[in-house]
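2 protein chains.
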Amino acid sequence: MITPVLLCGGSGTRLWPLSRKSYPKQFAALIGDTTLFQASATRLSGPDFAAPMVLTNADFRFIVTEQLAEAGIDPAAILIEPEGRNTAPAVLAAALWLEKTDPDALMLVAPSDHVVPDAAAFRAAIEAGTGAAEAGQLVTFGIKPTHAETGYGYLELAEDPGDFAARPLALSRFVEKPDAARAEEMLAAGTYLWNAGIFLFSVAAILKAFRAYAPALVDPVQAAVDQGKPDLGFLRLAPAPWADANDISIDYAVMEHADNLSVVPFAAGWSDLGGWDAVWRETGPDARGVALSGPATALDCDDTLLRSEDDALEVVGIGLKNIITVAMPDAVLVADASRAQDVKQAVAALKAKKAKQAESFPKDHRPWGWFESLVIGERFQVKRIVVHPGAALSLQSHHHRSEHWIVVEGTAKVTVDDDVKLVTENQSVYIPLGAVHRMENPGKVPMVLIEVQTGTYLGEDDIIRYEDVYSRD
Amino acid sequence: MITPVLLCGGSGTRLWPLSRKSYPKQFAALIGDTTLFQASATRLSGPDFAAPMVLTNADFRFIVTEQLAEAGIDPAAILIEPEGRNTAPAVLAAALWLEKTDPDALMLVAPSDHVVPDAAAFRAAIEAGTGAAEAGQLVTFGIKPTHAETGYGYLELAEDPGDFAARPLALSRFVEKPDAARAEEMLAAGTYLWNAGIFLFSVAAILKAFRAYAPALVDPVQAAVDQGKPDLGFLRLAPAPWADANDISIDYAVMEHADNLSVVPFAAGWSDLGGWDAVWRETGPDARGVALSGPATALDCDDTLLRSEDDALEVVGIGLKNIITVAMPDAVLVADASRAQDVKQAVAALKAKKAKQAESFPKDHRPWGWFESLVIGERFQVKRIVVHPGAALSLQSHHHRSEHWIVVEGTAKVTVDDDVKLVTENQSVYIPLGAVHRMENPGKVPMVLIEVQTGTYLGEDDIIRYEDVYSRD
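Protein sequence lines correspond, in order, to chains A and B.
The first sequence begins at 1 in UniProt numbering and counts up one residue at a time.
The second sequence begins at 1 in UniProt numbering and counts up one residue at a time.
Worth double-checking, as some hints may not be accurate.
Copies of the same chain look alike in the list, so a pair counts if it works inside one copy or between any two.
[Unchecked claim] Simulated pairs of lysine-lysine, DSS-like, Cα-Cα distance not exceeding 27 Å:
hint, residue 1, residue 2
1, K353, K321
2, K353, K421
3, K354, K383
4, K351, K421
Simulated from the structure, these hints should not be mistaken for lab results.
The whole structure should be built from the sequences, with the hints applied where relevant.
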């Protein structure tokens with residue numbers, strides 16, 4: 001049995017506006033109907049796989065549980081990194097946790113923001129590496145290059161991969177991201193693969209390697225795991241020792257030093273969706289190079305991506321060449337395709353002008369569900385609030401606003417001061433200014449409520465919390 | 001005194017998505033803070049001008065009154081054309097109405113969707129034409145060409161305009177829209193002006209010309225005016241005779257035949273904003289040709305228009321050249337600037353796929369104010385409803401939905417069956433399914449109300465009207 005270890009603490013901005021710090025690309029449905037994280041978890045499920053472990057950060061923990069639940073996957077553990085320290089501490093934490101719970105496990109470490117269209121071929125490649133991993137090898141999976149990419153590291157093979165069939169081959173060394181000329185040479189040589197950051201090894205083998213090549217990491221991460229706090233199904237790694245762990249990738253910390261490396265070639269299609277140009281390629285452009293997503297219309301366009309991320313948002317392109325357009329109701333990106341990597345600069349520019357679109361979405365995900373502001377006036381605001389079955393908002397009060405709640409789907413259990421009652425579809429409740437109140441969903445289906453606030457100050461920080469099942473301040 | 005006659009029944013689609021059939025460009029703030037219609041009416045006001053007449057259609061009548069009120073302009077008359085019949089019947093109707101009310105008037109006929117940055121210079125040009133108009137001439141205003149435009153008709157001068165100073169010159173003839181070569185010739189010749197469709201003449205002179213050159217129009221239009229119905233301050237021209245009037249422009253019907261034509265050159269800047277490329281020019285592009293409007297950010301762009309039509313919508317362009325981007329929360333246009341005239345095709349394509357964005361906005365303007373849908377679920381809908389002071393919705397009931405109303409600004413007078421009461425900010429009312437109800441704004445400020453509907457069918461057509469001050473079915 002193989003335990004998938006899904007890394008999903010990253011928050012890339014190269015796919016802005018769809019990927020934002022508060023809800024990055026791994027949680028978005030970039031290709032197909034499920035999110036990249038869900039697709040990654042699903043791809044690594046089945047008879048050969050144990051329940052997955054997930055490494056993420058505190059901000060994303062409820063997104064992870066929500067998306068796993070939606071995909072019907074029950075995780076073995078969700079480890080919360082107090083702060084991002086790159087891949088080495090994360091993988092080490094997973095290995096140390098498994099050492100306690102399943103010391104004979106094989107670990108399949110994978111990022112959760114990649115696209116692998118042929119999941120069966122990918123599982124077959126993993127199967128092909130299993131024997132080597134069981135024999136103590138550190139197995140990495142190398143992607144057959146399709147072009148002279150300068151954005152990835154490479155794996156140099158000790159032998160000719162022939163037809164790139166999935167079998168363990170000897171690995172000579174890791175190669176840093178090359179310049180264009182070197183990338184062309186490596187593509188021509190035929191003995192280099194892309195480093196996709198996907199690994200298979202036994203708990204014992206990787207711990208041995210960490211102890212040999214990165215001993216300074218072991219004590220802090222061991223302490224972070226041992227002193228970690230279970231919290232609502234998560235394991236929160238202990239912040240103090242975690243802060244002592246170096247911020248370093250597993251490649252630098254371990255792989256580049258190890259002498260028990262194998263690589264399994266993978267040639268059935270892969271992308272890290274590292275920019276909108278990659279998304280364009282993976283979307284499957286038509287004969288003129290046009291790729292559409294959502295309600296988008298192209299008139300006489302070539303080599304162009306037109307994406308609308310909202311069913312109620314029509315996007316039209318006319319006479320475009322090499323243009324990427326990604327439209328959301330609160331943000332629109334239009335870029336020359338050759339400038340896909342400069343989207344990061346755009347995000348920085350928006351951040352500099354304090355535009356909330358730089359990092360946040362209109363939808364705000366919370367432990368109990370999510371809300372979005374539908375309209376904000378000078379002295380009123382209307383929100384849609386969706387509460388998961390069994391979830392509850394904190395017991396709270398406000399100094400500056402009253403609230404009208406109208407339940408439009410499901411049933412709410414509402415507390416207003418000493419009064420507790422059930423409120424169902426088409427019923428309303430009034431929460432006077434100052435009243436201590438709570439909203440819960442006691443039912444089996446999501447509860448949707450429209451909240452109309454009126455008052456002189458409507459900020460999220462006008463809140464006094466008396467009780468919170470999610471231990472927030 | 002000159003009576004402005006503002007023509008604003010048109011509904012162009014070349015400036016989609018900002019201009020749509022239900023709310024076309026003359027009513028939008030395309031350049032500056034006021035709408036083109038408001039700017040046109042304001043430009044033709046002052047000591048030399050009487051109150052304006054407006055020719056429009058039934059769909060736009062309340063937009064016209066709302067925008068005039070906002071601009072502080074009290075119209076002499078608003079004539080409603082039962083259907084669009086081009087400019088000749090419209091101008092004739094205005095002349096026949098003035099014949100009855102102010103037979104000695106001079107009429108200044110102008111479209112209401114043009115941009116004239118220098119209003120004082122424009123009024124001076126009108127002043128320069130007044131003597132000729134009083135002497136019985138049909139005075140047209142001709143724009144000094146700035147480039148070899150193929151989209152306009154031209155006016156051929158009988159004499160050299162010299163420095164294009166504003167004074168009446170003799171006009172040889174009207175010239176149809178030319179091909180590119182002919183446009184170049186006319187630009188080089190220096191004796192041709194653009195026909196902007198702006199005219200000054202006395203009521204007597206234009207009626208004499210209609211009777212001489214387009215006698216078939218006179219009886220139907222006279223009957224349409226005489227049998228017109230006053231309705232809430234509008235004059236609704238009688239549909240039956242109006243339908244007998246030819247659909248013809250004033251150029252074809254009268255001007256091309258008349259021998260008492262003068263033209264006053266105008267060289268101080270003008271645009272009909274006939275496409276987004278024209279809007280780009282009029283917006284005042286910077287040294288690299290970049291024109292921005294709303295929250296828009298350009299990174300390394302050239303000759304590009306980036307417009308966001310919503311304060312909450314960030315638009316970013318990266319590395320663009322010759323691109324027009326116009327973004328609204330429900331529709332985004334991205335076009336090569338050379339294809340600005342093909343926006344019409346885009347609208348046709350959207351119409352073919354039945355996208356409501358082809359013709360309608362999320363905001364729905366009604367006689368009493370406007371509403372917009374904030375969110376639509378399977379069995380609920382949330383609307384923001386804004387009611388003008390003194391206005392009232394119809395007395396109505398629904399078969400399939402209940403409604404919760406929460407007043408968030410101003411005060412509402414609410415009727416529910418036999419109960420009538422005042423509801424003010426932060427108060428709510430419940431309208432049960434089937435109840436006969438009405439919402440009014442008895443106050444002096446706009447009333448804003450959030451409506452939460454629940455029910456199995458939420459279409460606008462689930463309405464039984466019992467009484468309506470606006471005589472709707």
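Here's how the hints hold up against the structure:
1. For the homomeric pair K353 and K321, the shortest alpha-carbon distance between copies (24 Å) is at most 27 Å, but the shortest distance inside one copy (30 Å) is not.
2. For the homomeric pair K353 and K421, neither the shortest alpha-carbon distance inside one copy (45 Å) nor that between copies (47 Å) is at most 27 Å.
3. Taking identical chains as interchangeable, the C-alpha atoms of K354 and K383 lie at most 27 Å apart only when both belong to the same chain, with a minimum of 23 Å there against 30 Å between chains.
4. Within a single copy, K351 and K421 get their C-alpha atoms no closer than 44 Å, and across copies no closer than 48 Å, so neither meets the 27 Å cut-off.
Of the numbered hints stated above, those contradicted by the structure are hints 2 and 4, listed in ascending order.
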